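Those sequence lines, one after another, are chains A and Y.
Residue numbering for the first sequence follows the numbering used here, starting at 5 and increasing by one per position.
Residue numbering for the second sequence follows the numbering used here, starting at 11 and increasing by one per position.
Careful: at least some of the hints might be erroneous.
No more than 20 Å apart at the CA atoms, straight line, and that leaves these computed lysine to aspartate or glutamate pairs for EDC-like [said to hold, decoys possible]:
no., chain 1, residue 1, chain 2, residue 2
1, Y, Lys27, Y, Glu111
2, A, Lys104, Y, Glu111
3, A, Lys73, A, Glu24
4, A, Lys104, Y, Asp63
5, Y, Lys48, A, Asp12
6, A, Lys62, A, Asp103
7, Y, Lys48, Y, Asp69
8, Y, Lys54, A, Asp103
9, Y, Lys62, A, Asp103
10, A, Lys53, A, Glu92
11, Y, Lys54, A, Glu92
12, Y, Lys27, Y, Glu67
13, Y, Lys48, A, Glu92
14, A, Lys62, A, Glu92
15, A, Lys104, Y, Glu67
16, A, Lys53, A, Glu20
17, Y, Lys27, Y, Asp63
18, A, Lys53, A, Asp103
19, Y, Lys27, Y, Asp95
20, Y, Lys27, Y, Asp72
21, A, Lys104, Y, Asp61
22, A, Lys53, Y, Glu111
23, Y, Lys62, Y, Asp95
24, A, Lys73, Y, Asp69
25, Y, Lys54, Y, Asp87
26, A, Lys73, A, Glu92
27, A, Lys62, Y, Glu111
28, A, Lys53, A, Glu68
29, Y, Lys54, Y, Asp69
Negatives, chain Y to chain A, calculated, CB over 10 Å [stated by the list, open to error]:
no., residue
30, Gln51
31, Tyr60
32, Phe114
33, Pro116
Hints were generated in silico from the structure; no laboratory data involved.
Quantities reported herein were computed from a predicted structural model and do not represent experimental measurements.
Where is the CB? At the ideal position from N, CA and C, for every residue including glycine.
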Amino acid sequence: AQSVTQLDSQVPVFEEAPVELRCNYSSSVSVYLFWYVQYPNQGLQLLLKYLSGSTLVKGINGFEAEFNKSQTSFHLRKPSVHISDTAEYFCAVSTYNTDKLIFGTGTRLQVFP
Amino acid sequence: DAMVIQNPRYQVTQFGKPVTLSCSQTLNHNVMYWYQQKSSQAPKLLFHYYDKDFNNEADTPDNFQSRRPNTSFCFLDIRSPGLGDAAMYLCATSSAAQGGEQFFGPGTRLTVL
C-alpha cells in the first residue's frame, strides 16, 4: 500500500520569498507523483506531475518539484511567491496498477505582503 | 475546452431530504470518481466507476449512492442527508493513458439545514 506524508500543515511566507513544501511517500512499487493546488471553494488543479524520466519537473505558475527516489521525497518549490499563491497544496501518489490517488493531508501556504 | 462540469456549484438541502449532485465530462475518460472533502482536509474517495464497473470504498456509508448512465455523466445521490454530510463534493475523471492523473471539477458545496 502507498502513503503520503505532508509534514507541514501550514507554511507562512512573505511575498517574493522562496518556499518549499515537503512531501514524502511510501510505496513498495514504482510511483507516479502529483502536486495539486486548491483555491477556496474550487476544485483541485494539477500543478505538476512526475511519471518517469527527468527527476526535476516544472509545472505551472513557476512551481517545480524534484523526485528523489532514495529519500522517497517529492518536494515542491518556488523561488519567489506571490500573494496569489495563497492556497492549499496537496501531494498525491498513484501506481501503474491502480486507478486511485492517495493524497497527503495538505499544506496551507499563506503568503503575506 | 475539454473539462469536468459539476452542477450545481452550491446546493442547500434539508436534513433527511434526498439530494442529487451531477457531474459531466467532455474528456471522454473511462474512469469517474466522487470525493467528499470537509474543511481543511484532503479529499476522501467515496467510489469510482471504471467504465460501467462500480467500485465502492469500504467505509463509504450506504446513504451515498451513485449512477453512471453513460460515459459522460455521473450522479451522486445522498438518500437521507445528515448534518455531517455537509461538505464539498468533488467529481474527477481519468483515463489509463494519463498515468494516474485525475482531472477535477469545480465541486459542489452542500449545506444541510
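- [ ] Quick one: work out the minimum CB distance from Gln51/Y to chain A and report holds if it exceeds 10 Å, violated otherwise.
- [x] violated, 7 Å
TODO: Take the C-alpha atoms of Lys27/Y and Asp63/Y, compute the straight-line distance between them, and say whether it is at most 20 Å.
DONE: Cα-Cα ~28 Å, so violated.
Open item on the list: Run the distance test for Lys54/Y versus Asp69/Y: straight-line Cα separation, threshold 20 Å.
Closed with: At roughly 10 Å apart (the allowed maximum being 20 Å), Asp69/Y and Lys54/Y satisfy the hint.
Open item on the list: Check the hint pairing Lys62/Y with Asp103/A against an upper bound of 20 Å on the C-alpha distance.
Closed with: holds, 14 Å
- [ ] Take the C-alpha atoms of Lys104/A and Asp61/Y, compute the straight-line distance between them, and say whether it is at most 20 Å.
- [x] holds, 14 Å
Task: Straight-line alpha-carbon gap Lys104/A to Glu67/Y, limit 20 Å - done: holds, 11 Å
TODO: Assess, step by step, whether the Cα of Lys73/A is no farther than 20 Å from the Cα of Asp69/Y, and give holds or violated.
DONE: It is violated: about 32 Å lies between the C-alpha atoms, which goes past 20 Å.
Open item on the list: Hinted pair, alpha-carbon criterion (20 Å max): Lys54/Y, Asp103/A. Please report holds or violated.
Closed with: holds, 14 Å
Open item on the list: Would the hint linking Lys48/Y and Glu92/A be met if the CA-CA limit is 20 Å?
Closed with: holds, 13 Å
- [ ] Quickly compare the C-alpha distance for Lys62/A and Glu92/A to 20 Å and report which way the hint goes.
- [x] holds, 19 Å
Open item on the list: Lys27/Y and Glu111/Y were given as a pair; does the straight-line alpha-carbon distance stay at or below 20 Å?
Closed with: Answer violated: Lys27/Y to Glu111/Y is near 35 Å, above 20 Å.
Open item on the list: Please verify whether Lys27/Y and Glu67/Y have alpha carbons no more than 20 Å apart.
Closed with: violated, 24 Å
In summary, the numbered hints that this structure violates are 1, 6, 12, 16, 17, 23, 24, 26, 30, 31, 32, 33.
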